[in-house]
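The whole structure should be built from the sequences, with the hints applied where relevant.
Chains A and B, in that order, are what the protein sequence lines are. Residue 237 is where the first sequence starts when you use our numbering, and the numbers rise one by one after that. Residue 237 is where the second sequence starts when you use our numbering, and the numbers rise one by one after that.
Honestly, the hints are just simulated from the structure, not real lab data. Fair warning: there could be bad hints in the mix.
Repeated chains share a single entry, so a pair holds when one copy, or any two copies, can fit it.
Pairs of lysine-lysine residues, derived as DSSO-like cross-links and limited to a Cα-Cα distance of at most 27 Å, are as follows [said to hold, decoys possible]:
1) 388 with 337
2) 337 with 353
3) 388 with 269
4) 259 with 353
5) 353 with 388
6) 337 with 269
7) 269 with 353
8) 388 with 259
There are 2 protein chains.
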Amino acid sequence: MRFVFHLPLSPYCRKVRLVLAEKRLPFELRLEKTWEHRAEYLELNPAATVPTLLEDNGLAVPGSAVICEYLEEAYPDTPLIGQTLAERVEVRRLTAWFDEKFALDVTRNLNGEKYLKRLSGRGQPDAQALRAGYLNLREHIAYLGWLAETRKWLAGASISLADFAAASHLSVLDFQGDVDWSISPPAREWYARVKSRPSFRPLLADRVPGMTPPEHYADLDF
Amino acid sequence: MRFVFHLPLSPYCRKVRLVLAEKRLPFELRLEKTWEHRAEYLELNPAATVPTLLEDNGLAVPGSAVICEYLEEAYPDTPLIGQTLAERVEVRRLTAWFDEKFALDVTRNLNGEKYLKRLSGRGQPDAQALRAGYLNLREHIAYLGWLAETRKWLAGASISLADFAAASHLSVLDFQGDVDWSISPPAREWYARVKSRPSFRPLLADRVPGMTPPEHYADLDF
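This is the structure in structure tokens:
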């Protein structure tokens, strides 16, 4: 069996779950409390981050970017990183945009402060970080809306890893009720399209103790 | 002509310069003061980071990870990301280890505080960050030494992107006189091997205003 060691509200884990489901590769989830630094887990992933993919043949693939490149090479049937060199640059540019820049500007400030801090017992959210996170989120949704308005999918004509990276971050924030979708109707329409894919269903069913997502979270016609 | 927009002490720019030189691809360097947010540069790289590669045919490739994947696909003759799936996982895992974990644990604390802060006029180094950086550097050099002792190159039998990522971060810290190579003779021997490659020579010739590297910095038999 193929395993994914994960945390339910990690956007990086969500991205890998979406890619596996889009490529129709079955897997089982294993909850990994990374802050416990479990010795057996450190052997699979010395950086102690989630996700880690553990293949049937024993190959451990640590880290979401490494996993997504690996899956594209090992299971090329449903390509998600584009075909031409220029397409592949744009898919990887936007994936990095969300996994690095959006993560630093928004996800770290909102999900990091509200969820991860509590989960790992590191205290209360910092008000300044929350303010910065909400402000940055508005700008990022405007950029997302512009991409959604000018292209069929974020990186071009085909759905790609860039859409799944973006939707993973946004789904985590949406779970917390942090996304004001009225800012950009094209961004909202794009998210509704990604969210209605069968690969997204298991993510929308995730629940975590002590948090209740807003009513529209799992609603496909939000 | 091919251009690389860069900053001389950015480890990510250094990694891309090494990869281009190893693949014998000629290029010209362009200094880019990212904090000035130059409009023409934002068109090439909306994230306003360095490096950005600009190809002869007009294709802009932003961000060091995207550039290195692009170069491997566009110019596969000197492969630097491994051959088998497992080799490629290990090269990418270690590249991410240095570009993400080492960067956060060490480079941000030492190069960020001592160089980037001054360069962009954001004040004096923070003493606590420096202490954490030096402490983390010792642990990272021990891990590097263990890799160098058990393998020919960091990711296995062949030199790879992982060696160039690691050496890029270390060369920036070495320029500042921050590396105590006596901690690990195998790490020192590995660095001497990478440093003596022709691709490394232009990096060792870089100088920045107001900083003088230690005597051993450009010495191949340090």
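Hints versus structure:
1. 388 with 337: within (23 Å within a copy, 35 Å between copies)
2. 337 with 353: both (20 Å within a copy, 20 Å between copies)
3. 388 with 269: neither (38 Å within a copy, 34 Å between copies)
4. 259 with 353: neither (33 Å within a copy, 44 Å between copies)
5. 353 with 388: neither (37 Å within a copy, 41 Å between copies)
6. 337 with 269: both (25 Å within a copy, 18 Å between copies)
7. 269 with 353: Within one copy only: 13 Å inside, 35 Å across.
8. 388 with 259: Answer is within; shortest intra-copy Cα gap is 20 Å, inter-copy 36 Å.
The structure does not agree with the numbered hints 3, 4, 5 stated previously, though it agrees with the rest.
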